[in-house]
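Asks: Spelled out, the chains give:
2 protein chains.
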Amino acid sequence: MAETRTPDSTRRSERSRRAIYDAALSLVGEAGYGRTTIEGIAARAGVGKQTIYRWWPSKAEVLLEAFLERGGQAAESDPALPDTGDLEADLKQVLRATVDELTDPGFEIPYRALAAEGVINADLGAQFVRKLLEPGLQLYVDRLRAARDAGAIDPDVDPRVAVELLVGPLAHRWLLRTLPLTHAYADSLVEYALRGIAPR
Amino acid sequence: MAETRTPDSTRRSERSRRAIYDAALSLVGEAGYGRTTIEGIAARAGVGKQTIYRWWPSKAEVLLEAFLERGGQAAESDPALPDTGDLEADLKQVLRATVDELTDPGFEIPYRALAAEGVINADLGAQFVRKLLEPGLQLYVDRLRAARDAGAIDPDVDPRVAVELLVGPLAHRWLLRTLPLTHAYADSLVEYALRGIAPR
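Keeping their order, the protein sequence lines are chains A and G.
Going by this note's numbering, the first residue of the first sequence is number 1, and it counts up by one from there.
Going by this note's numbering, the first residue of the second sequence is number 1, and it counts up by one from there.
If you are wondering where the hints come from, they were derived from the structure by calculation, not from laboratory data.
Heads up, some of the hints might be wrong.
The list treats identical chains as interchangeable, and a pair is accepted whether it falls inside one copy or across any two copies.
Claimed, not checked - Okay, derived cross-link-like pairs now, SDA-like style, lysine to any residue, Cα gap no bigger than 20 angstroms in a straight line:
| id | residue 1 | residue 2 |
| --- | --- | --- |
| 1 | Lys131 | Thr6 |
| 2 | Lys59 | Ile120 |
| 3 | Lys92 | Asp22 |
| 4 | Lys59 | Gly34 |
| 5 | Lys49 | Phe107 |
| 6 | Lys59 | Pro155 |
| 7 | Lys49 | Lys59 |
| 8 | Lys131 | Leu176 |
| 9 | Lys49 | Asp158 |
| 10 | Lys131 | Leu179 |
| 11 | Lys49 | Ser16 |
| 12 | Lys59 | Val47 |
| 13 | Lys59 | Lys92 |
| 14 | Lys131 | Arg177 |
Given the structure is predicted, the values throughout are model-derived calculations rather than measurements.
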């Protein structure tokens, strides 16, 4: 029980938790999701495997929470999309940063594994969407609502659908590896999409 | 060797091939991709498992070719997108049909399994894209080129990127199950995207 824990034991389990997240992300990156086991994560994190089983039902949940913590840290430092008043510039900046993240091997390999697992495992997919994906999409929705209030986009446009014009093609190209994921592509998406939702 | 085959043995192996495709699609639909084995496919198709191993290196390739044959049959009967001269109506018709296909359980479950396998297995993913996905996207590109020649879209627009404004959000919503995949959503995508690529 948390109440009976000393500050020291709380610090120790916090340290274990972070070590487990780091171990899960690096192992999946090196060996692939299929060859990553709870035992392997425990060994690399320097904890007993029962510690992991006590906290998480499966390696998929360990990985999901590792990304949640990473995303949570990013959100604390920068909880909203930039709003300089120039919607096109702001969206290009965010979409280019997303391209950089999705093509960084240390991020890409485990994130791709988690996304693929969610594609076939509906329960995990629902958690992935609810905890990890939708909060990020909501930041775009908020930015587009602000733009709509400022008269920069058509008042009849559904911001949630408009967001998908930006992130859907990016995810499609990334997940299926159809064509290169570049800043130029991100810029084109922003330009086409913004013309599509401009005031009439 | 094919040259020494009698018409009867050619018919027999053609029949076996189709039985194997049907068995693979139905078994993945019922049991899931992970629990489908070459042995299971062979038993349901009424062939020896060596017959499958002789023709395909893995169950993923069996499934991919099953979809290729299905797609090939569809393409023979209808090799291009409709071109009534009304681009918006034509695209809505095709995108609605895609929604219907992606939400038909008999198609969805095995197709989703194949797509997810391609997300993590780069070799299979490349085959999936080259053989199955890109030929279908090319039909959209052809239709958009015809529309561009007819003055219905901006001559500076890259049709291959424009296609992704339509199919990317659809695939995103379908693969990640973020929100319902409906005809109304397909229609919105066509409307937003066409405004985005309209002549200036």
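Asks: Work down the list of hints and note, for each, if the structure agrees.
Replies: Hints versus structure:
Taking the shortest alpha-carbon separations for lysine 131 and threonine 6, neither the intra-copy value of 30 angstroms nor the inter-copy value of 60 angstroms comes in at or below 20 angstroms. Both within a single protomer and between protomers do lysine 59 and isoleucine 120 lie at most 20 angstroms apart by alpha-carbon distance, with minima of 15 angstroms and 16 angstroms respectively. Within a single copy, lysine 92 and aspartate 22 get their C-alpha atoms no closer than 30 angstroms, and across copies no closer than 46 angstroms, so neither meets the 20 angstroms cut-off. For a Cα distance limit of 20 angstroms, the shortest separation of lysine 59 from glycine 34 qualifies both inside one copy, at 10 angstroms, and across copies, at 17 angstroms.
Taking the closest pair of Cα atoms, lysine 49 and phenylalanine 107 never come within 20 angstroms of each other, the shortest separation being 24 angstroms inside a single copy and 40 angstroms across copies. Taking the shortest Cα distances, lysine 59 and proline 155 never come within 20 angstroms of each other, neither inside one copy (44 angstroms) nor across copies (50 angstroms). Taking the closest pair of Cα atoms, lysine 49 and lysine 59 come within 20 angstroms of each other only inside a single copy of the chain (11 angstroms); across copies the shortest separation is 33 angstroms, beyond that limit. Taking CA atoms no more than 20 angstroms apart as the test, lysine 131 paired with leucine 176 passes between copies only; the shortest distance there is 13 angstroms, against 23 angstroms inside one copy.
In this homomeric assembly, lysine 49 and aspartate 158 never come within 20 angstroms of each other (Cα to Cα): the closest approach is 47 angstroms inside a single copy and 52 angstroms across copies. Taking the shortest Cα distances, lysine 131 and leucine 179 sit within 20 angstroms of each other only across copies (14 angstroms), while inside one copy they are farther apart (28 angstroms). For the homomeric pair lysine 49 and serine 16, the shortest alpha-carbon distance inside one copy (12 angstroms) is at most 20 angstroms, but the shortest distance between copies (47 angstroms) is not. For the homomeric pair lysine 59 and valine 47, the shortest alpha-carbon distance inside one copy (15 angstroms) is at most 20 angstroms, but the shortest distance between copies (37 angstroms) is not.
With identical chains, the CA atoms of lysine 59 and lysine 92 are never at most 20 angstroms apart, being 35 angstroms at best within one copy and 41 angstroms at best between copies. Only between protomers do lysine 131 and arginine 177 lie at most 20 angstroms apart by alpha-carbon distance; the minimum there is 13 angstroms, versus 25 angstroms within a single protomer.
Taken one by one, the earlier hints fail for this structure at numbers 1, 3, 5, 6, 9 and 13, listed in ascending order.
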